[in-house]
Amino acid sequence: MLFTSPEFLLFLPVTVLLYWWLPAGWRLPWLVLISLGFYASFAIENLAYLSAVAVIALSAGRYLARPDASRRCLVLWSGILALLGLLGALKYYDPLVRDVAWLPQIGLSAPAGFSFYAFTAIALLIDRYRMPTEAVASVRQDLLYLAWFPKILAGPIERIAPFTAGLARRSPMKPIHFAIGGQLFLWGLVKKVVIADNLAPYVDRVYAIPGYAVPLELIIASYFFAFQIYCDFSGYTDMARGASQLFGIRLSENFRRSYFAQSISEFWSRRWHISLASWFRDYLYYPFMGTSRTAVRMYLGLMIVFIASGIWHAGLGYGIGWGFLVWGALNGIYLCVERALTPIRRNLRTRLRGSFAGVIYGGFTTLLVFHLVLVSWVFFRAADLGDGITVITRIWPTLPELPGLVSRYPFTAEHVFLALLIVGLLAVELVMEQKGLRKRLSRAPLLLRWIAVYIGLFALLLLGRWQSEAFVYMQF
Amino acid sequence: MDIADRPVQSFPRRLIVGFLALWGMLYIAAVCVAEVTVARVGQGTAFQKLLSLKGQEVDWVVLGASHALPLVYGDVPERHRADTAQSMAVLAEVGAGPLYNSFVFQQALEDIRPKRLLYVVDSFAFASPSWNEARISDRKLLRKTPLRASTAMSMARITVRHKASPTGLADYLTGFSKLNPPDRFPQAGWRGAADFDRTARISRHAVQSRIGYLYPEPPHADDTARYLDILDALFDMAQAADIEIVVVKLPMPDAFRTALPDEAAFDQALRARLAPRGIVFHDLSADVSDPGYFFDTDHLNRSGVDALYSNFLHEILAFGSMP
Numbered sequence: 044m045l046f047t048s049p050e051f052l053l054f055l056p057v058t059v060l061l062y063w064w065l066p067a068g069w070r071l072p073w074l075v076l077i078s079l080g081f082y083a084s085f086a087i088e089n090l091a092y093l094s095a096v097a098v099i100a101l102s103a104g105r106y107l108a109r110p111d112a113s114r115r116c117l118v119l120w121s122g123i124l125a126l127l128g129l130l131g132a133l134k135y136y137d138p139l140v141r142d143v144a145w146l147p148q149i150g151l152s153a154p155a156g157f158s159f160y161a162f163t164a165i166a167l168l169i170d171r172y173r174m175p176t177e178a179v180a181s182v183r184q185d186l187l188y189l190a191w192f193p194k195i196l197a198g199p200i201e202r203i204a205p206f207t208a209g210l211a212r213r214s215p216m217k218p219i220h221f222a223i224g225g226q227l228f229l230w231g232l233v234k235k236v237v238i239a240d241n242l243a244p245y246v247d248r249v250y251a252i253p254g255y256a257v258p259l260e261l262i263i264a265s266y267f268f269a270f271q272i273y274c275d276f277s278g279y280t281d282m283a284r285g286a287s288q289l290f291g292i293r294l295s296e297n298f299r300r301s302y303f304a305q306s307i308s309e310f311w312s313r314r315w316h317i318s319l320a321s322w323f324r325d326y327l328y329y330p331f332m333g334t335s336r337t338a339v340r341m342y343l344g345l346m347i348v349f350i351a352s353g354i355w356h357a358g359l360g361y362g363i364g365w366g367f368l369v370w371g372a373l374n375g376i377y378l379c380v381e382r383a384l385t386p387i388r389r390n391l392r393t394r395l396r397g398s399f400a401g402v403i404y405g406g407f408t409t410l411l412v413f414h415l416v417l418v419s420w421v422f423f424r425a426a427d428l429g430d431g432i433t434v435i436t437r438i439w440p441t442l443p444e445l446p447g448l449v450s451r452y453p454f455t456a457e458h459v460f461l462a463l464l465i466v467g468l469l470a471v472e473l474v475m476e477q478k479g480l481r482k483r484l485s486r487a488p489l490l491l492r493w494i495a496v497y498i499g500l501f502a503l504l505l506l507g508r509w510q511s512e513a514f515v516y517m518q519f
Numbered sequence: 030m031d032i033a034d035r036p037v038q039s040f041p042r043r044l045i046v047g048f049l050a051l052w053g054m055l056y057i058a059a060v061c062v063a064e065v066t067v068a069r070v071g072q073g074t075a076f077q078k079l080l081s082l083k084g085q086e087v088d089w090v091v092l093g094a095s096h097a098l099p100l101v102y103g104d105v106p107e108r109h110r111a112d113t114a115q116s117m118a119v120l121a122e123v124g125a126g127p128l129y130n131s132f133v134f135q136q137a138l139e140d141i142r143p144k145r146l147l148y149v150v151d152s153f154a155f156a157s158p159s160w161n162e163a164r165i166s167d168r169k170l171l172r173k174t175p176l177r178a179s180t181a182m183s184m185a186r187i188t189v190r191h192k193a194s195p196t197g198l199a200d201y202l203t204g205f206s207k208l209n210p211p212d213r214f215p216q217a218g219w220r221g222a223a224d225f226d227r228t229a230r231i232s233r234h235a236v237q238s239r240i241g242y243l244y245p246e247p248p249h250a251d252d253t254a255r256y257l258d259i260l261d262a263l264f265d266m267a268q269a270a271d272i273e274i275v276v277v278k279l280p281m282p283d284a285f286r287t288a289l290p291d292e293a294a295f296d297q298a299l300r301a302r303l304a305p306r307g308i309v310f311h312d313l314s315a316d317v318s319d320p321g322y323f324f325d326t327d328h329l330n331r332s333g334v335d336a337l338y339s340n341f342l343h344e345i346l347a348f349g350s351m352p
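Sequences listed follow chains A and B, in order. Those letters in the first sequence? Residues 44 to 519, by the numbering used here. Those letters in the second sequence? Residues 30 to 352, by the numbering used here.
Keep in mind that the hints were calculated from the coordinates and are not lab data. Since we're looking at a predicted model, the values are computed, not measured. Yeah, the Cβ is synthetic: ideal placement off N, Cα and C, and Gly gets one too. Treat the hints with care, since some could be wrong.
[Claimed, not checked] Calculated from the model, a selection of chain A residues having no Cβ within reach of chain B, i.e. all distances over 10 Å: (1) V98; (2) G128; (3) D170.
[As the list claims (entries may be wrong)] Ranges between beta-carbon positions, derived for each pair: (4) A:L391 <-> B:V70: 57 to 63 Å; (5) A:I435 <-> B:A59: 42 to 48 Å; (6) B:R233 <-> A:F407: 54 to 60 Å; (7) B:A59 <-> A:L491: 19 to 25 Å; (8) A:P138 <-> B:P215: 22 to 28 Å; (9) B:D224 <-> A:D427: 33 to 39 Å; (10) A:L491 <-> B:P210: 27 to 33 Å; (11) B:P210 <-> A:W439: 35 to 41 Å; (12) B:H191 <-> A:D427: 43 to 49 Å; (13) A:I435 <-> B:P245: 51 to 57 Å; (14) A:S94 <-> B:A181: 55 to 61 Å.
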């Protein structure tokens, strides 16, 4: 039951209506029940995987909630290692031992969303360990925190304290809250069904055998993929947040108009998959850094985080291999270089602040960051490292002749259509990026706001590609 | 209590009703525009052709799958009219098995009251639900099927009796595929009339790949029997309406014909159904089999249709079901 399926579009309003109709005492069991039902709708055995994670997280979590308990450190590490062991066994073991005849295969693979709730479970254990006094160890709340259906497949990776605080919110649920949730869901659906799913067939075609594709097609497909993955993932998150909001549960913002970032660190910390970045920061980078502030340790920490992120992405998705490691390592290197250049960049920005040259500089850095990320996406999308290198080596020599190639290339209606979708997306995001404008629009007359919603609905109706394509990040 | 008893403020009901009503009106307006476009523009599907012929009496109706379509590209209906003054409507459809043919034929009975039926038989169309139940709910066909009460009723009956996907009926009634074309930028596939004047070089690989496409799963005797029952029911309808029936298997290149799985068993089963009804079966599959008469692995090109018409079809159509 994907978010884009007709079944889900029926499931959501029915479960929301029943939720608000039920007495308060029944609401939490209802949320747990529909979450389990939603996850089981993909495959009933998914519940077995979820149960394994839940048993580890809930039992260790309850123990860690007692500040006076002995051996808390041992329980924490046992829990973390058990969860990482499960993750490793299900995601990496079989692909890694495939060519080793004497090692047996386990024949199991991670179900959709497994690494997301495994990471959520690890966050639960560490937070309980760090802040036992703040813990309200309710099994049902903890289970909902792990299994809450809008986020189970692809995040955001929430933290236990704000999540349970949200459940205790007593302020009335106003119609505007439902409207905001609905609009967020609609915008996410537009991003997924209208933009990402229309871009996907072109990208798939060109990346199927990159050696046969014309270099300009590879360039176009790489640009299209950058927007496909953005709209696919951020679209999912918007739908998850919108759906959750209809139940009065707020999920954290995971994407914030990512391609407007003016630096790599801004891209990763404040605009792209924010919840995963902060997870790595809080549970890997900070513990690794400890009290040390040396540059070498910082660069090493950054590289470890990004290589770990690459490993997390590997194992499934577009292919098993070294491509994701290169993707992670590239982003780590970008960030290290950026950190090394920080004094120069800061100096330049201070000098140019308020001037026209400052605006040009801002535009230049945005484009630079986008293109650096674009190069790393090639390794993310390609079926394996070899294909990624093929794409880069085929594109690179043609760059000096690019204007000539573009003028001679027989662009089709499909190219124009897809490019217009991206232009439309950027136009909307540019408006949303302007805080003042966004505020003014939210206070616009009712008819104008309705028109905006109708445009979204008609975009879905006329331009959407309703083929129930899975979300890319469900596979990780 | 694990969760707060959070009150919900009442909704502005009038506003919600207004929003939904306006959306409903906009949707209906869009569907109307799409319907008018589908009804007026193009003769792409059998149902579009039937709408444009509605009320006329037609002498011959041709049903079948894509192998019958070269008859249209080769102007057989016009040549037949010139030769015999008899009209002909080719209502065959790409990848259409007997269930889809039956769906079309029911509409034809209402719209054009045909006198004779030429059924172009293809064994692959009796082998898989892909060419039958799935075609009823195929969005590419629904996109060009004008909305009519009689078609909707017939589709509903098929959905219930033959367990076709109800989403097809819902799609048809809401006009969804007309608003949201499923093949906005088709990349590959059968180009039909565009290739009609070509002559193909038929390779073994091309034949294998085509057979693999036509038989997504190996033919199963139960499926074949079920679809032959549906063909029987179609012939019942036709004979009840005093329609003469001729069944023909069109020419194929030898390389393709010999690669078809269980063709002899299919022919035997078909003949066993036709003989008690007194329906003549003209098996032309081994005639006009020179590869130069085909524009791909199995479809006649212009010279193939010329040879077929002048050597066989002209006579068959002139004498109807006379042996």
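* Quick check: which numbered hints come out false for this structure? -> Numbers 8, 13, 14 - these are the hints that the structure violates, sorted from lowest upward.
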